[in-house]
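As they're listed, the protein sequences go chains A and B. Mapping to full-length UniProt numbering: the first sequence position 243 is 243, numbers consecutive. Mapping to full-length UniProt numbering: the second sequence position 294 is 294, numbers consecutive.
Keep in mind the hints are simulated off the structure, nothing from the lab. Computed from a prediction, not measured in an experiment: that's the story for all the values here. Some hints here could point you the wrong way.
Chain copies aren't distinguished; within one or between two, either way the pair holds.
In the EDC-like style, the derived pairs of lysine to aspartate or glutamate whose C-alpha atoms are separated by at most 16 angstroms in a straight line are [unchecked claim]: (1) Lys-265 to Asp-367; (2) Lys-265 to Asp-81; (3) Lys-24 to Asp-14; (4) Lys-265 to Asp-126; (5) Lys-24 to Glu-295; (6) Lys-265 to Glu-388; (7) Lys-265 to Glu-136; (8) Lys-24 to Glu-356; (9) Lys-265 to Glu-56; (10) Lys-24 to Glu-402.
Number of protein chains: 2
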Amino acid sequence: MTVPTTREQCAALDAADPLGPLRKEFTLPADAVYLDGNSLGVLPVRTPEVVRRTVEEEWGQGLITSWNAAGWTELPHTLGDRIAPLVGAAAGEVLVCDSVSVNLFKILTAALRMRPGRRTVLGERDTFPTDLYIAEGVTGLFDGARSVLLGSLDELDEQLAGGDVAVVLLSHVDYRTGVLLDMAEITERVHRAGALMVWDLCHSAGALPIDLTACQVDFAVGCTYKYLNAGPCAPGFLYAAPRHHAAVRQPLTGWFGHAEPFSFKPEYRPTEGIGQFLTSFPPLLALAGLRATLEIWEQVDLAQVRAKSLALTELFMGRCAQLGLEVVTPAEPERRGSQVALRHPDGFPVVQALIERGVIGDFRAPDLMRFGFTPLYTSYTDAWDAAEALREVLASGEWQAERFHRRGAVT
Amino acid sequence: MTVPTTREQCAALDAADPLGPLRKEFTLPADAVYLDGNSLGVLPVRTPEVVRRTVEEEWGQGLITSWNAAGWTELPHTLGDRIAPLVGAAAGEVLVCDSVSVNLFKILTAALRMRPGRRTVLGERDTFPTDLYIAEGVTGLFDGARSVLLGSLDELDEQLAGGDVAVVLLSHVDYRTGVLLDMAEITERVHRAGALMVWDLCHSAGALPIDLTACQVDFAVGCTYKYLNAGPCAPGFLYAAPRHHAAVRQPLTGWFGHAEPFSFKPEYRPTEGIGQFLTSFPPLLALAGLRATLEIWEQVDLAQVRAKSLALTELFMGRCAQLGLEVVTPAEPERRGSQVALRHPDGFPVVQALIERGVIGDFRAPDLMRFGFTPLYTSYTDAWDAAEALREVLASGEWQAERFHRRGAVT
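Isolated chain A, as found in the complex:
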């Protein structure tokens, strides 16, 4: 696809966009370009009604009968099965429950137990911090275990060669730079060294095709509130390769992971399969948001998502480069997720000034401006207009106004 050089060309691309009709499925802020769907996805139009039904009918009227009548009991599994095709997994391999952090805790603990002769959890220093904090929490529970952080992936082989690495935890797409890692190649390298591979899919699930099965990934975690649009802090999901289901032992052994939860026996006996990762039940009101948005995802071709994502980011990166900005996100499509990071020493006030102009991106310390492109609802003209607004903010110097320097927003 040729990169458009005028707004008119962008409009023509929008008119021909096979994903274009999906835009009306989402509630977009008026007079704004929302480029923060990699932080919090927007509200699907159909969600309020699904939530209302869950609250007023399933809870309000159905009460405890909804456990069966409304299928509540099966939701961690059925919703997981509906996420599975988005990450290249089969039914029975994905479970919806808890948060990314809690799920990672289960998986890293299980992984250390699966490699009893090894005590190192290997991560990357620039990974989203909660992953590193959880790794620290897990290694603190095992004698001699430690969490080692790579300054760069160039150090991976050297660490693996030491023979002590039990498990490697990496983000598929870096939350700051938008760098996309080669899941197949890295997973294979980690396996060759006898370690297990855990991928954090928070910034790739729903943003690009993922094939956990083909890449022989051991475990993965992901969130549902960014590209998947399930609602603020909606429950996470976890994946465990079926070859590990029999041997795995996770420590958050709660009622709903029991083989016979209604036998009320005092001893724990895990159920078979992915269900053993279930600790307690996710809040039903939060699951309603996921139920709603997955109806949209069932209509989506991820190859189209990826093609549009790359076109949008290429367009935006090109325009930003022309402004003389340092583009941190890789130009090579195979190394790029679905966001663009720009480095600017005054990134914080620049982003605030952009927000005042209706272009909503965010800032990550110390100097990165982040713009997420969510192909289900971001248009080519959005990308064009965002770059134009950035040009005007920088040309006018308006970001230097005092009001743009005040901190406090969680973005």
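Starting from the structure of chain A, add chain B where the hints point.
Chain B only, in chain A's frame:
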């Protein structure tokens, strides 16, 4: 209060009930007596609008700005502060997050670390099983640690005398029998033996006054979806006595428990105070249910709740005893929670037959029929009518019909 002996006397008590006006705050199933609020609390009338506002305005319109503009960032703390008076705690001592099971995992792990010379977690065999399963999960992470289950509290002193008990975990009110334990006396006994005391408040929070501070309790967990009516599987809460805040170290070290979450530093450093128990952020849609129902609780006098609860259960127990049923729940008010358990070898079909008559209780294997009394919306005539329905079900033998013997419901 004299126990009423006619339905007319019950109606008179309802007319004079200081909590009576609160009944209209709740959506009650039509033509039914709901006595399962100890499993899932009913929908408050005000909740759908609070949820709608959260979905459509805070998420849909506000998007990321709602982290500050709608106070999202502070909700685990502000909602915890609003629960605090219900359990006899002060602001800064209660946090809303995760589930009961996950919170218990944090607390039991922290407790074992606080008593490094001791390796036993002591529980009661009849406690709600998820508590025991979590204790098993935690002790599996510590060399030499074990979970010991008391057949009865009579064995408590003997176990404590062994000197190896690090922490005792008990349910304030037993989920099956409705037995209420003496929090002050037991906590003191446990402390005298050098152990820490953790109370599970799932069946007492919102059912009766609790004074964690006066009882010098170390830690507590509770749920919000039973007597508190926050919605199915709504997030849990945890309490940590302020004297432990400085020394405690819990293992689920996530982003939101960090001292500077937005510094994105790779090393974990817990924030001070109760916030260090926060791992990730609870789903905002689920928190909406809690926000709504706490508006009601702010109008409630727990002494009135307790007085009415005891009157309701006494009335129901008396009527059931007249039917020749074995009442398992203690007659002594100081040993009784807010539910009534009846033993019947055919309890399952009897409960199903009652449900068909519009009296919704539940069944716990092998032979207990459970009826929860929730004074904010259960009336004296409800209690009377429920006992009448039970009399008719037993007198007619209608519970013997084949359709009442089919299993499957989660109640």
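Now the hints, each set against the structure:
1. Proximity of Lys-265 to Asp-367 under the C-alpha cut-off of 16 angstroms is restricted to the inter-copy arrangement: shortest distance 14 angstroms between copies versus 55 angstroms within a copy.
2. In this assembly of identical chains, Lys-265 and Asp-81 lie within 16 angstroms of each other by CA distance neither inside one copy nor across copies; the values are 29 angstroms within and 35 angstroms between.
3. Proximity of Lys-24 and Asp-14 under a CA criterion of 16 angstroms is satisfied intra-copy only: 13 angstroms inside one chain copy versus 52 angstroms between copies.
4. Proximity of Lys-265 to Asp-126 under the C-alpha cut-off of 16 angstroms is restricted to the inter-copy arrangement: shortest distance 9 angstroms between copies versus 44 angstroms within a copy.
5. With identical chains, the CA atoms of Lys-24 and Glu-295 are at most 16 angstroms apart within one copy only, with a shortest distance of 14 angstroms there and 36 angstroms across copies.
6. In this assembly of identical chains, the alpha carbons of Lys-265 and Glu-388 never lie at most 16 angstroms apart, being 64 angstroms within a copy and 33 angstroms across copies at closest.
7. Proximity of Lys-265 to Glu-136 under the C-alpha cut-off of 16 angstroms is restricted to the inter-copy arrangement: shortest distance 13 angstroms between copies versus 33 angstroms within a copy.
8. Proximity of Lys-24 and Glu-356 under a CA criterion of 16 angstroms is satisfied in neither setting, with 24 angstroms inside one chain copy and 45 angstroms between copies.
9. Within a single copy, Lys-265 and Glu-56 get their C-alpha atoms no closer than 34 angstroms, and across copies no closer than 43 angstroms, so neither meets the 16 angstroms cut-off.
10. When the C-alpha separation of Lys-24 and Glu-402 is checked against a cutoff of 16 angstroms, the pair qualifies neither within a copy, at 37 angstroms, nor between copies, at 51 angstroms.
Comparing the model with each earlier hint shows violations of hints 2, 6, 8, 9, 10; every other hint is respected.
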